[in-house]
Amino acid sequence: MPDGPSALQLVLSGDPALFAIVRLSLYVSLSAVALAALIGIPLGAWIALTRFPGRQGFIVLLNALMGLPPVVVGLAVYLALSRSGPLGAFGLLFTPSAMIVAQTVLVAPIIAALTRQTIEDLWLEYRDELTAMNLGPLGRVMALIWDARFSLVTALLAGFGRAAAEVGAIIIVGGNIEGFTRTMTTAIALETSRGDLPLAVGLGLVLISIVIAVNALAWSVRRAGERSAG
Amino acid sequence: MSMLTRRLLIAATASLVFASHAVAQDKSIVVASTTSTQDSGLFAHILPMFKARNGIDVKVVAQGTGQALDTGRRGDADVVFVHAKPAEEKFVSEGFGVRRHPVMYNDFILIGPKSDPAGIKGSKDIVAALSAIKAKGADFISRGDKSGTHQAELNLWKIAGIDIAKDKGPWYKEIGQGMGAALNTASASNAYVLADRGTWLSFKNRGDLGIAAEGDKRLFNQYGIMLVNPEKHPSVKKDLGQQFIDWLISSEGQKAIAGYKINGEQLFYPNASDSGA
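The listed protein sequences correspond, in order, to chains C and P.
With my numbering applied, the first sequence corresponds to residues 1 to 230, in that order.
With my numbering applied, the second sequence corresponds to residues 1 to 277, in that order.
Chain C on its own, in the form it takes in the complex (with noise of 0.2 Å):
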């Protein structure tokens, strides 16, 4: 039984592997946020401030898709993208990707259904002010994103949250395979089943650790915006 080496070990002796896998964890879970962002934040602006029959339930259904099933999302991915499957001619599974894929469309809900509550409460709130000014649907939509971008952070922050954290989708579509499609989480996963709990704990904290200064990047991104905004 070999003892191989703790977590702390690679971290403090800059293992290559080991940053190979927290920047393709960063990558992964920070592009599937940009592009739930670009999805999410329009779509929640829209409905807040659109008023069409169904829209409660859709609402509803919205807030329940913020609970998706990872590894539910993982098997429609996995399913839509493999050889068999429609988008098979892509060869997009087991690829960062695929990642990329799963977790945008787990992340996208929670952003648009944040954003839609953030957005209708400044819209209660300003609605005299801007409908005074007399901007069309797009323009009324634009100003309430910007005035409320800084709450929009904490929308992306649990987006991010959930994206690191998960490793059901990720592990089904992108395959855990070393050096290409391994991850935190996916790694974490692979040393308890190989009975390494102690550098698996090692490595949750590692991932703890980087959630933390991610968070903290995007707190103090925030205070020095509001600031220099006044």
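Think of the hints as simulated: they come from the structure by calculation, not from any bench.
Glycine included, C-beta positions come from ideal geometry on N, C-alpha and C.
Short derived list, chain C residues pointing at chain P, Cβ under 8 Å:
hint	residue
1	83
2	91
3	93
4	175
5	177
6	178
7	193
8	194
9	195
10	196
11	197
Got chain C sorted already, so can you dock chain P onto it with the hints?
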């Protein structure tokens, strides 16, 4: 949806597809294999040698044998490297695999708590050992995931004349997970479990577990490799995949397999030259 959003979405989708094409350009294959070959550390030992020789990256997706064969069947892997000969022969006869090559073997061992509630420690008769476990109602963890090890376990119950689907009691727990998870569960609950020797030797969370029974001929565990049929799935990289198979069954590849040891103990025994294996 605004025009801008739509454009951004299209750009994002396009960049995803481009990124994947860039990846597809380099020399790499996807091998669907079993948790035992990965968890034991065999791939980490032999793949760098293959890469140095042929310059091909091998991306291993470690699954149970049943799932790995299914991945091949769907065309999502170029090569399948597993351990359940009847299932492999079916895979080839159905036209999903080109040809099955024997690669190596090791053996299954029965793992159990040192307290040995079934009283089978040191047994060389796996059938008698399993019968004793059932008679005493000692806790037993089954993979329950259609993996090669699970299929071997089911076969051993059958040889013992026990219809496990009907005769199982609360002592028999199917966890539906990989080898490592099954060993973790056995370790936490002091239960018996059938394992492949390779995963056991590299497994670290042993707790109070040890080998309860080994050395029975019926515990033989043969591994085979197959190229996924490019006629079924044109996306299969047949030349690169065949290079990997050829290397693995060459004398160089076979030596690399034999050279993988943990604490001086060899984990896998190459036997590609044994055409009946």
